[in-house]
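Start from the sequences and build out the full structure, keeping to the hints where you can.
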Amino acid sequence: MFKHNHSHETRDNLSLYIDHRLRPADTLRVERHLGTCPACRAELESLRTTVALLQHLPAAELPRSFALPATAVPVRTRIMLPRAAFGFATACAALLLLVLFGAEAFYGGAAGERRTTTLVSAPASDARYSNTAQTSKAAGALGAEPAAPGTAGTLGTNDATLPKPTAAAASAAAPAPAANRSGTSEPDPNASPMPKAALSGGASPLPTGALETGTTALQQATSAETTPTAVPAEAQDAQQPASLATSPWRTAELAVGLIALALAVIWLVLLRKAA
Amino acid sequence: MRRFSVWKSQQETGQDHNGPPPFAGQVQADDEKSLIDLSKKGQREAFNLLVGRYERQVYNLSLRMLADPEAAADATQDAFFSAYSGLRGFKGGSFRAWLLRIATNACYDQLRSRKRHPSQSLEDLLFDPDHPIDFEDAAERPEEYALRQELGRTIQNGLLGLPPEQRVVLILSDVQGLSYEEIAEVTKSSLGTVKSRLSRGRAHLRDYLLQNRELLPGKYRP
Numbered sequence: 697m698f699k700h701n702h703s704h705e706t707r708d709n710l711s712l713y714i715d716h717r718l719r720p721a722d723t724l725r726v727e728r729h730l731g732t733c734p735a736c737r738a739e740l741e742s743l744r745t746t747v748a749l750l751q752h753l754p755a756a757e758l759p760r761s762f763a764l765p766a767t768a769v770p771v772r773t774r775i776m777l778p779r780a781a782f783g784f785a786t787a788c789a790a791l792l793l794l795v796l797f798g799a800e801a802f803y804g805g806a807a808g809e810r811r812t813t814t815l816v817s818a819p820a821s822d823a824r825y826s827n828t829a830q831t832s833k834a835a836g837a838l839g840a841e842p843a844a845p846g847t848a849g850t851l852g853t854n855d856a857t858l859p860k861p862t863a864a865a866a867s868a869a870a871p872a873p874a875a876n877r878s879g880t881s882e883p884d885p886n887a888s889p890m891p892k893a894a895l896s897g898g899a900s901p902l903p904t905g906a907l908e909t910g911t912t913a914l915q916q917a918t919s920a921e922t923t924p925t926a927v928p929a930e931a932q933d934a935q936q937p938a939s940l941a942t943s944p945w946r947t948a949e950l951a952v953g954l955i956a957l958a959l960a961v962i963w964l965v966l967l968r969k970a971a
Numbered sequence: 097m098r099r100f101s102v103w104k105s106q107q108e109t110g111q112d113h114n115g116p117p118p119f120a121g122q123v124q125a126d127d128e129k130s131l132i133d134l135s136k137k138g139q140r141e142a143f144n145l146l147v148g149r150y151e152r153q154v155y156n157l158s159l160r161m162l163a164d165p166e167a168a169a170d171a172t173q174d175a176f177f178s179a180y181s182g183l184r185g186f187k188g189g190s191f192r193a194w195l196l197r198i199a200t201n202a203c204y205d206q207l208r209s210r211k212r213h214p215s216q217s218l219e220d221l222l223f224d225p226d227h228p229i230d231f232e233d234a235a236e237r238p239e240e241y242a243l244r245q246e247l248g249r250t251i252q253n254g255l256l257g258l259p260p261e262q263r264v265v266l267i268l269s270d271v272q273g274l275s276y277e278e279i280a281e282v283t284k285s286s287l288g289t290v291k292s293r294l295s296r297g298r299a300h301l302r303d304y305l306l307q308n309r310e311l312l313p314g315k316y317r318p
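Those protein sequence lines, which keep their order, are chains A and B.
Counting in the numbering used here, the first sequence runs from 697 upward without gaps.
Counting in the numbering used here, the second sequence runs from 97 upward without gaps.
Just so you know, these hints were derived from the structure itself, not from any lab.
Computed from a predicted structure; not experimentally measured.
A hint or two may mislead.
Said to hold, decoys possible - Per label pair, the in silico range of CB-to-CB distance:
no. : chain 1 : residue 1 : chain 2 : residue 2 : range
1   : A       : Ala958    : B       : Lys137    : 49 to 59 angstroms
2   : B       : Asp133    : A       : Ala787    : 26 to 36 angstroms
3   : A       : Cys733    : B       : Arg184    : 46 to 56 angstroms
4   : B       : Leu256    : A       : Cys733    : 52 to 62 angstroms
5   : A       : Glu727    : B       : Ser209    : 45 to 55 angstroms
6   : A       : Ala790    : B       : Ser209    : 30 to 40 angstroms
7   : B       : Asn308    : A       : Ala781    : 24 to 34 angstroms
C-beta: ideal position from N, C-alpha, C; glycine also.
Written out as structure tokens, the structure is:
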């Protein structure tokens, strides 16, 4: 058996020499070596004989003609789409999936912030309605009808509608002085409305003390209702996970992910068949 | 084994397919490019002229790859049907290399099918001396003919022992005389890979022949 070592020509070089595929300089070197190395000469001769045997192998006779018959219509037994098309489609689906993830992170986050803002401000609007109810309650405690929006100016025009201070108003106004630091004189709950000098337009004097009491009560009700509580936030948190699970982003991502997976599997199968 | 339904029905009726079927139209073009262009337009007669030029080479490649005449015939027929169906995919260059590439793939399909459903042993694949496949030369003496048949069997056995990728390169180069570049095009591999596979394939076949030199006729023993 021919042994290869650094002093002999390689088998590859001898094979190329047989086919006259060596560069001229390498050809000269091999021929010079063959002149001095019997082992390489024997190796070359055995390879040449093998090649000659193959070249003289007779051609087999055809068993029949392989010409296509007149009525034969080649039926494709499988889908002959190019492999590259499936590879390209897989890449596009993967890219689309990345775009969806990015879009969800960008637009979904902004939408989440808007939801948070909406849920946080809802109690304030509710408080306004609550304040109205509280106003009604306070006004009722004061013994007068609640002031409808836009009708505040009418309070001073009709003495009969003016609320009269009562004992209940006195107790409700008790903490009011602490909140009312505007420098106005503290109302005297027991003071009856005193007619004052006519204001411009002939308006009757307003019972400022009762109004301030009602205003203070309104302020207390408003502050109590607008303070963010844990309950709305918890309700908000409880709602968000449910909305994310059914978001259209997730549905689209799932659909595109499944399509990309199917395309990748088909592409790999076609690659394996071609190998 | 793929079969086109109409082709099979014609076989069952015993229609003769030993020679090229007659065609009605007049095919004027003779050069290969014209035949290819006409074939792309659907002229089956033009394609059959191409079949006539290359069927022997394709069949011999398949036979040396598979060592089974029936499997080789199937692979050859499949190769030409695939070539006719996919002719639009031929964008130029060596039509022979393109066609042999299809034939090589058809042979690989047969080999894979054989692996999945091994129904024949290597001995079954040996050429039957009572039914030789090589042509008989009238000028050849009987003993020379017998020697040649025996030589063919021994070499075929040696080829069967090679890996398919070495086997196909050896057949294309030393049996069919293709250049390195054309072999690279057929096998979709680099020139270096072709050289390496050819070198290893020759050495392995040489080693097989040396180990079984008693099977070789006297004058062929290396």
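(Q) Tell me the hint numbers this structure goes against, listed in increasing order. (A) 1, 4 and 7
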